[in-house]
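Heads up: the protein sequence lines correspond to chains A and B, in order. Under numbering that gives the first Met the number 0, think of the first position of the first sequence as 0, with each following residue one higher. Under numbering that gives the first Met the number 0, think of the first position of the second sequence as 0, with each following residue one higher.
Calculated directly from the structure, the hints in this document are not laboratory data. Possibly wrong hints are sitting among the right ones.
Said to hold, decoys possible - In silico SDA-like pairs for lysine to any residue, Cα to Cα no more than 25 Å straight-line:
#  : chain 1 : residue 1 : chain 2 : residue 2
1  : A       : K195      : B       : D249
2  : A       : K109      : B       : Q295
3  : B       : K105      : A       : S178
4  : A       : K109      : A       : N28
5  : B       : K277      : A       : D130
6  : A       : K12       : A       : T246
7  : A       : K196      : B       : D293
8  : B       : K35       : A       : K12
9  : A       : K137      : B       : D293
10 : B       : K35       : A       : K112
11 : B       : K100      : A       : S156
12 : B       : K104      : B       : Q12
13 : A       : K1        : A       : L69
14 : A       : K66       : B       : E298
15 : A       : K196      : B       : D184
16 : A       : K112      : A       : K242
17 : B       : K105      : A       : T154
18 : A       : K183      : B       : E298
19 : A       : K109      : B       : P278
20 : A       : K137      : B       : E6
21 : A       : K256      : A       : K137
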Amino acid sequence: MKNRITELFAAKKKDILSVFYTAGFPIQNDTAAIAVQLEAAGVDMIEIGIPFSDPIADGPTIQESNKIALDQGMNVGLLLNQIRELRPQIKMPIVLMGYLNPVMQYGIEKFCKEASQAGVDGLILPDLPLDEYVKHYKELTDSLNLSISFLISPTTSEARIRQIDSLSTGFIYAVSSSSTTGAKSEFSAEQQLYFKKLQAMHLKHPFLIGFGISNHTTYAQACEQGAGAIVGSSFITCLKNSKDLKTDIHQFVKSLKG
Amino acid sequence: MKFEVDERGYYGQFGGAYIPEMLYPNIEQLRDNYLKIIYEPEFQAEFNDLLKNYVGRPTPLYLAKRLSEKYRATIYLKREDLCHTGAHKINNTIGQILVAKRLGKKKIIAETGAGQHGVATATVCALMGMECIVYMGKLDMDRQRPNVERMRILGTKVVPALSGNMTLKDATNEAMRHWINHPTDTHYIIGSVVGPHPYPDMVARFQSVISEEIKKQLQEEIGNPYPDYVFACVGGGSNAAGAFYHFLNDEHVQLIGVEAAGKGVDSGESAATTALGKPGVLHGSKTLLMQTEDGQVVEPYSISAGLDYPGIGPLHAHLFDVGRVQFVSATDDEAMNAGIELSRLEGIIPAIETAHAIAALDKIELSAEDVVVINLSGRGDKDLETYIRWGKY
Ligand SMILES: Cc1ncc(COP(=O)(O)O)c(C=O)c1O
Numbered sequence: 000m001k002n003r004i005t006e007l008f009a010a011k012k013k014d015i016l017s018v019f020y021t022a023g024f025p026i027q028n029d030t031a032a033i034a035v036q037l038e039a040a041g042v043d044m045i046e047i048g049i050p051f052s053d054p055i056a057d058g059p060t061i062q063e064s065n066k067i068a069l070d071q072g073m074n075v076g077l078l079l080n081q082i083r084e085l086r087p088q089i090k091m092p093i094v095l096m097g098y099l100n101p102v103m104q105y106g107i108e109k110f111c112k113e114a115s116q117a118g119v120d121g122l123i124l125p126d127l128p129l130d131e132y133v134k135h136y137k138e139l140t141d142s143l144n145l146s147i148s149f150l151i152s153p154t155t156s157e158a159r160i161r162q163i164d165s166l167s168t169g170f171i172y173a174v175s176s177s178s179t180t181g182a183k184s185e186f187s188a189e190q191q192l193y194f195k196k197l198q199a200m201h202l203k204h205p206f207l208i209g210f211g212i213s214n215h216t217t218y219a220q221a222c223e224q225g226a227g228a229i230v231g232s233s234f235i236t237c238l239k240n241s242k243d244l245k246t247d248i249h250q251f252v253k254s255l256k257g
Numbered sequence: 000m001k002f003e004v005d006e007r008g009y010y011g012q013f014g015g016a017y018i019p020e021m022l023y024p025n026i027e028q029l030r031d032n033y034l035k036i037i038y039e040p041e042f043q044a045e046f047n048d049l050l051k052n053y054v055g056r057p058t059p060l061y062l063a064k065r066l067s068e069k070y071r072a073t074i075y076l077k078r079e080d081l082c083h084t085g086a087h088k089i090n091n092t093i094g095q096i097l098v099a100k101r102l103g104k105k106k107i108i109a110e111t112g113a114g115q116h117g118v119a120t121a122t123v124c125a126l127m128g129m130e131c132i133v134y135m136g137k138l139d140m141d142r143q144r145p146n147v148e149r150m151r152i153l154g155t156k157v158v159p160a161l162s163g164n165m166t167l168k169d170a171t172n173e174a175m176r177h178w179i180n181h182p183t184d185t186h187y188i189i190g191s192v193v194g195p196h197p198y199p200d201m202v203a204r205f206q207s208v209i210s211e212e213i214k215k216q217l218q219e220e221i222g223n224p225y226p227d228y229v230f231a232c233v234g235g236g237s238n239a240a241g242a243f244y245h246f247l248n249d250e251h252v253q254l255i256g257v258e259a260a261g262k263g264v265d266s267g268e269s270a271a272t273t274a275l276g277k278p279g280v281l282h283g284s285k286t287l288l289m290q291t292e293d294g295q296v297v298e299p300y301s302i303s304a305g306l307d308y309p310g311i312g313p314l315h316a317h318l319f320d321v322g323r324v325q326f327v328s329a330t331d332d333e334a335m336n337a338g339i340e341l342s343r344l345e346g347i348i349p350a351i352e353t354a355h356a357i358a359a360l361d362k363i364e365l366s367a368e369d370v371v372v373i374n375l376s377g378r379g380d381k382d383l384e385t386y387i388r389w390g391k392y
């Protein structure tokens with residue numbers, strides 16, 4: 000069975016650009032249109048956030064986008080419908096990212112099956128414990144060919160990074176600093192050291208660097224050290240201020256890539 | 000013990016540690032060390048000394064004669080309201096600050112709703128000379144001004160939580176975000192038996208001094224350590240966990256948890272989690288949670304800021320699930336009436352949280368031989384404003 004994430008990383012080892020945005024933001028029906036523009040602008044992968052009332056790992060920008068999406072009635076069922084519509088329009092991998100509770104209420108098994116059928120390639124569930132995943136869900140996601148990525152941060156021990164590497168499928172999400180999500184203008188020397196350490200570990204899976212990537216400088220640094228970068232908050236800000244999605248998305252991606 | 004947390008951090012189907020990876024090192028450190036630390040003789044000596052000489056323990060077990068007469072049973076009040084700072088919350092903050100020191104942490108953060116846990120945290124931070132930040136919903140800061148100022152007098156920085164509905168749930172979110180951003184030098188003192196494992200177990204152990212004392216005191220009073228009933232109000236569930244703890248395996252002791260029904264369980268303005276909640280994940284544990292069909296957390300309501308939380312601790316969710324604890328609820332009006340009644344019959348103005356436990360006397364069929372212990376979790380000083388606004392006295 001083919002998985003678009005595995006294929007992407009097999010074909011492209013460097014400079015992968017993955018963009019995160021919240022489903023149903025700024026307007027409920029924008030989810031698919033944004034993805035189409037991102038692909039046209041040269042983005043390699045998208046991560047679509049499932050909005051939640053209590054996003055404890057997120058800074059103010061993504062918190063606000065969650066709230067706006069929820070106020071407009073966004074939910075898991077609607078998102079899966081949007082993905083079904085979107086899938087034929089783009090070729091790149093689609094990852095869904097979200098806190099566990101909305102997925103749990105939808106039914107984890109049902110969610111995984113429907114997501115896979117809709118053409119989703121991978122999942123990131125930051126508050127799903129590793130041992131729960133192994134005990135209850137690994138078999139399911141493996142059978143559905145859904146890739147699962149876990150987060151690591153600068154405070155994650157080497158032993159645990161190895162464990163996460165052995166349990167992940169697809170790629171590893173390397174959080175750039177111990178922090179909530181949010182844009183920063185550059186990476187510190189300490190962060191650079193952490194990326195180098197990761198590189199030197201020669202993990203089985205490629206890692207993408209996320210959290211704090213907002214401009215060409217941080218994007219280029221991430222690409223130098225890892226397989227590429229994940230951009231979230233600064234893209235949400237772009238969407239929030241946008242008068243013309245198509246122009247602004249193309250402009251955003253162009254300025255990142257430099 | 001039958002209701003003890005298992006090694007994965009679960010009570011039956013509830014509990015666990017559902018946290019983003021950025022919090023994992025902190026939680027792992029706490030999980031791997033808390034039992035070792037708190038059962039060191041030196042820790043125990045310091046903890047017990049502070050409980051005795053600083054908090055004022057043991058707190059009295061008081062035979063409430065006039066209340067007993069009215070409800071035709073023998074009713075004792077466990078006087079946690081006489082603890083320093085006016086509630087049981089300080090039993091936990093003393094324990095946790097001693098743990099934090101031994102983990103080498105330099106700074107403390109906490110969340111608070113009514114401000115009681117915030118004040119108890121600010122107090123122990125002053126005592127130990129540690130820097131302290133308390134997150135409090137902006138709305139709660141406006142509702143509970145005196146406690147905000149108490150914290151400030153004690154040298155704590157009170158930060159308004161401006162997200163969501165700006166109450167306890169949002170203050171907890173902000174405290175967790177702060178911890179993610181300050182992972183190495185900071186300990187988060189959670190105020191109830193909620194949060195990721197090992198918090199529920201650790202907080203329950205620190206509060207278990209309540210039932211330990213009740214047993215001893217009842218033995219002395221009536222020659223039998225076992226009451227027929229223990230009543231306690233349940234917000235997150237820390238005072239209830241403490242009052243139930245040493246009775247959990249004695250199935251002949253009936254344990255009654257009292258939740259806040261707000262304006263009525265079915266009014267849409269309630270905080271009665273066992274009646275309205277479904278299993279879900281919030282603030283690091285799987286527990287009963289008030290939420291929409293889509294899994295979005297519902298904003299609860301109660302006249303008492305300390306009970307207005309959309310979940311309960313995973314231990315309580317399990318005790319509810321297996322039927323070991325009977326949960327009932329009291330409305331705003333029932334609680335306020337019970338608060339006035341206790342004031343008039345016994346000369347004790349209870350916290351409005353606590354008044355919910357008193358209100359349950361009307362809901363449980365008691366017989367003349369029954370011995371009932373009500374955990375008087377806190378005093379009403381902080382609630383004068385609410386009593387005055389309610390006005391029916
Ligand atoms: C006096 C008092 N009782 C009870 C509670 C509820 O908390 P818990 O259920 O953790 O005891 C509070 C919380 O602020 C309180 O101040």
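We went through each hint and held it up to the structure:
no.	hint	result
1	A/K195 to B/D249	violated, 57 Å
2	A/K109 to B/Q295	holds, 18 Å
3	B/K105 to A/S178	holds, 19 Å
4	A/K109 to A/N28	holds, 23 Å
5	B/K277 to A/D130	holds, 23 Å
6	A/K12 to A/T246	violated, 28 Å
7	A/K196 to B/D293	violated, 41 Å
8	B/K35 to A/K12	violated, 47 Å
9	A/K137 to B/D293	holds, 24 Å
10	B/K35 to A/K112	violated, 44 Å
11	B/K100 to A/S156	holds, 23 Å
12	B/K104 to B/Q12	violated, 32 Å
13	A/K1 to A/L69	violated, 33 Å
14	A/K66 to B/E298	holds, 14 Å
15	A/K196 to B/D184	holds, 23 Å
16	A/K112 to A/K242	violated, 36 Å
17	B/K105 to A/T154	holds, 18 Å
18	A/K183 to B/E298	violated, 32 Å
19	A/K109 to B/P278	holds, 17 Å
20	A/K137 to B/E6	holds, 21 Å
21	A/K256 to A/K137	violated, 35 Å
When held up to the earlier numbered hints, the structure conflicts with 1, 6, 7, 8, 10, 12, 13, 16, 18 and 21 and fits the remainder.
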